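Enquirer: If you want the building blocks of each chain, they are given just below.
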Amino acid sequence: MNGPPPLGRLRRAVAPGLTVLALLLIWQAASSFGDLGAVVPSPLDVLRQMGSDAHYYPQNAAATMSSAGQGYLWGNGIAIVLALGTLPFPRVQALLERLAVGAIALPLIAIAPLLAIAFPGDTPSVILAAQAVVFTTLVATVLGLNSVDKTSVEVIRACGGSEWTVIRKVRLPAAIPSCVAGLQVAAPSAILGAIIGEYMGGTRGLGVAMVQAQGAFDVPRAWGLAIVTSLLAAVAFLVLPAATRLAFPWTRSTDTVLGARAERRRPRGGGGLAGLRRAVLAVVSTVVGVVLGWWLLVLVVPGGDAVARGPVQVLSYFADGDTQLVTSDGETQDALSYLLSSLGRTLVDAGVGFAAGLVLAVLTAVLAHEFAVVERILMPISIALRSVPIVAAMPLLALVFGRGVVAVTVLIAVMTFFPVLVNLLLAMKAVPRSATDLFSAVGAGRRQRITKLLMPYSLQALLASVKVALPLSVGAAMVAEWLATGHGLGASMTVAATLSDYNFVWGGVAAVLLASLAAYHIANALEDSALRRLE
Amino acid sequence: MTQILLQQRGMSRRSFLRTTGRGASVAAAGLWLAGCGATGDGAAGEGRVSVKLGWIPNVEYSGIFVGVADGFYAKQGLEVEVVPGGPNSPVTPLVTTNRVNAGIEAIPENVATAVAGGAKLKIVGAGLQKSPECWISLADNPVRTPKDIEGRKLGITLAGKNTALVFMKKNGVDPDKVTLVPIQFDPAPLAAREVDAIWGFASNQPVALGLRGIQTHVMPMADYGFNRMQSVFFVSQATLDDPTARENARKFLAGSRQGWDAALASHQRAAEVTIQKYGKDLGLKLDEQVKTLSAMAPYVSGADAASKGLLWMPDTLIEETIASLGSIGITADRSLFTNELLEG
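Going down the list, the sequences are from chains A and B. According to this note's numbering, the residues represented by the first sequence are 9 to 543, in order. According to this note's numbering, the residues represented by the second sequence are 84 to 427, in order.
Isolated chain A (complex conformation):
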């Protein structure tokens, strides 16, 4: 790891170089392949267009990066302050995590117009960028703060150290790698969030330029913009760890992080009745929390009357109302049954996509850990996938993957895969060198090392990733439905929003929030029981 010699460095660059070359060849082939050629321009055309567009990238990129940067600072600042500030209060921390789940699961299609009404100029983009990062960073930071070596804590306690000393000497240093991973994942997310904000009604920036290019069917220009966006995201992704290594050199000795042997402070114990009571309490508090938050939101949203609908109003609408959405018979839909059937569809989509994305991410993480070359090849690809707005890539994706279950699965996997992969890889790299050495000393094979060492050590990161990925999948499923299938809540809320049927939109948002929170609770319970068994 420590500073490879020039030759080694050259050798490390071979694989990514070959990947780029292979991608270029595939790209060139695709551009001259029948109908695919209509949406895939040749690399040379794109390069030529990028040359003549060079003058307009800077001001658009500056606008986007300014929104993304502000959102990045706000979102991460809020997440870290919340994680640290509530460290002594685990219950508050759990509550905040739930709120953050709500933030990530809010359907873009419903909130983007709301933001555009409530805030002028670039502010909606900044908010969407912040929204895109706050949850992942919060979860990563909390994970880091809790993934401490139990013995270190005991040593400090035995020596008479206070809780504050534990925080200062053990938790904070231990949190840095995980927190940095969160910040790293957040960089492309913030850019994507800003671009989506621009795409959904901004006045300037790369997202607006993309709208123009797509509307004018200027495919080479749209690809040029996608490349510029990916490059910006890649730079943002790579700059951060380099800067951290300079600032906190000690975090390189990852032996200090002992993965799954966390000292956890969640209240637990007692099965049966106590468990049931906790479950009921969780359900009731979640529902009450959502309704209360909703009511407050409607009160404070500026200009909210135009689009905001309160819980009471929405309830009465669903109790005895029809939507403004027509069926193929030209009749209006019954609101409640339409909402429920749409939600059911969305949950199935999300579940399938989540499972596929998770399996893929775990496999990739293991492969990337075992074969460094895989990581070097896959990281650039997944950064690119993470930074190009799906909405811009949709025509191509629909052509390649269709618009059925495959397309939905692929879209969700693309959107959830990246944070899981990064978290898992980090945890696997944190396996103590001594343990790895022990395994090789006793002649354990690769398979044994993976199942007996790698997986147990990264289990907590995996479970934390599940907590991130489950609500993410619900949001991603709605994007897929909006763009690809035209079924489910993602589509029906879009139609309702364009018809000013805001009661339906707000009801849909509430339903999605509750579903995501339920998913989050399930993930939490899984994490608890798995970790309890480990201890």
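Please note that the accuracy of each hint is not assured.
[Unchecked claim] Which bits of chain B does chain A cover? Going by a derived footprint, with three or more residues having C-beta under 8 angstroms, they are:
(1) 146 to 157
(2) 216 to 229
(3) 259 to 272
(4) 284 to 293
(5) 361 to 369
[Stated by the list, open to error] Derived coverage of chain A by chain B (criterion: at least 3 residues anywhere in the stretch with Cβ under 8 angstroms from a Cβ of chain B; other residues may be distant):
(6) 225 to 237
(7) 398 to 408
(8) 497 to 507
Note that these hints are calculated values from the structure, not bench results. These figures come from a predicted structure and were not determined experimentally. No residue lacks a Cβ here, since even glycine has one placed at the ideal position from N, Cα and C.
Based on these hints, arrange chain B on the given structure of chain A.
Expert: Relative to the frame of chain A, chain B by itself:
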């Protein structure tokens, strides 16, 4: 249903009170700004109108841009601020809440549904006198009649889903024999032959595809029982009730008419003005913008334009619009429309 309507009315009265209150403060702020802005010129700074567009600032709004460039607003002592739009960018709520003074919505449905929901809005001009909405297919695989779409795969924007379903019903097409898939505004799915036809604007996608050598066939909605005005200019009732605001809105429409006259007289210059001033960051291309405007021009001028001028809404067009909206389940009546700002 009635219960809900009542409730929304109750709601709207509250929002109306609040809106007018806010309107007063906005007006006060406007006066203050005007006081600061008056730099001895006198004419500029007397009145100010902000207008929210339904789409990114391209040649579709060139009449307004030419109006600014040629001083058609300034001559009347009016300053116009253009607020660009985009996909999913809301226009109606911004006018309802007085964030902007006037709005342009691509389709009148959005204004009509807001009014049905209690908003006090009036359509005061029709940017397009005939609907350019159409089914666009590839020339070598054309969709010529509504019956042709049976058994085909069609791309629609989700916003147009209701309209598409009603169009089929009206023309005896069985929706179960048609596959509808959601698309955005870009014609790539058609170009790639993923779908057989897309729902679009005769002045947009066919031009964009034609410039890239892809020939298309266009089946206009207006020829099959679904015509209505589009690109509608609208303001709030509060604006019409307030003498100063009303006068500013009247000047805005007058200037916009002159701007559109000039834009239609020279597509080339209108495109240049659009590119240089408003679409600078978008990298708009001249030939594309000129061709788009040329395709759009017949829809802007319409049949009655010679007698009553641009933006004017003839009775027949208002009737047709109300009927079309009614067919997609949106109730509107004549009180939604008024030519009063165009009469002088």
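Enquirer: Look at each hint and say if it fits the structure.
Expert: Taking the hints in turn, this is what the structure says about them:
Chain A is given as covering the segment 146 to 157 of chain B, and this is violated because 0 residues of the stretch bring a CB closer than 8 angstroms to a CB of that chain, at least three being needed. With 0 residues having a Cβ less than 8 angstroms from any Cβ of chain A, the segment 216 to 229 of chain B misses the three-residue criterion, and the hint is violated. As drawn, the segment 259 to 272 of chain B meets chain A at 11 residues by the rule of a beta-carbon pair under 8 angstroms; at three or more, the given contact holds. Remark: the segment 284 to 293 of chain B is confirmed as covered by chain A, as 4 of its residues place a Cβ nearer than 8 angstroms to a Cβ of that chain, reaching the required three.
Counting residues of the segment 361 to 369 of chain B whose C-beta sits closer than 8 angstroms to any C-beta of chain A gives 6, which meets the bar of three, so the coverage hint holds. Check on the segment 225 to 237 of chain A: 4 of its residues sit with their Cβ under 8 angstroms from a Cβ of chain B, so the three-residue criterion for coverage holds. Here's how the segment 398 to 408 of chain A fares: 6 of its residues keep a CB closer than 8 angstroms to some CB of chain B, so the rule of at least three is met and the hint holds. By the rule of at least three residues with a Cβ nearer than 8 angstroms to a Cβ of chain B, the coverage given for the segment 497 to 507 of chain A holds, with 6 such residues.
In summary, the structure is inconsistent with hints 1 and 2 from the numbered list given earlier, while agreeing with the others.
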